[in-house]
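Sequence lines, in order, name chains U and H.
The first sequence begins at 1 in this note's numbering and counts up one residue at a time.
The second sequence begins at 1 in this note's numbering and counts up one residue at a time.
In short, the hints are calculated from the structure, not lab data.
Careful: at least some of the hints might be erroneous.
What the hints assert, rightly or not - For the chain U half of the interface with chain H, some residues (derived, Cβ under 8 Å), not all of them: (1) G44; (2) L45; (3) W47; (4) G109.
Virtual Cβ for every residue (Gly too), placed ideally from N, Cα, C.
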Amino acid sequence: EVQLVESGEGLVQPGSSMKLSCVASGFTFSNYGMNWIRQAPKKGLEWIALIYYDSSSKYYADSVKGRFTISRDNSKNTLYLEMNSLRSEDTAMYYCAKQGYGGFFDYWGQGVMVTVSS
Amino acid sequence: DIQMTQSPASLSASLGETVSIECLASEDIYSYLAWYQQKPGKSPQLLIYAANRLQDGVPSRFSGSGSGTQYSLKISGMQPEDEGDYFCLQGSKFPPTFGGGTKLELK
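The whole structure should be built from the sequences, with the hints applied where relevant.
Next up, the structure:
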């Protein structure tokens, strides 16, 4: 059974940093691209970052480019999202999601809440 | 970015009723379209991918259709467990973008 378990939830002040983790199991993690997707309260979903299976390529949404960094450790089956210069508009539930057929997201974690507020 | 316009924003259906949800893309997405269901407090679950391919384990009452810029999700016979939010995702052009969502309730 595919499982994705995020951690790193919390409340931080604007301008600060935070790092999320996502531990994967039930599939060969090193064979798949992985994504971070967020959902602000009462808002829609926004894709924010993709990393290829071998970390050879990384892509970001314009809203987080230059502030967020996606990375992975295939030896630990773990995906990361380092978030710097956090803003109130980054407040959201953050999900990690596995890349499936055609680039769609076929499995998602349960999500972690990031709140940016003074 | 490709804009995905989803309708309706909400709807209410009776038990056994057939329900349709639409997504309109701002340009041709060549069937690179997926549908998800999200229940309160849960993560999204993939229902349909490539416009009309049913994800493993998803009940056959769910179906997808469409091409070009217009796509739809049909639930043939509303069940209580089908209550939730539904949204579409286009994967044709980077960045992937989502529809605004449809809240489906049992009447």
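Check each numbered hint against the structure and report the violated ones by number, ascending. none
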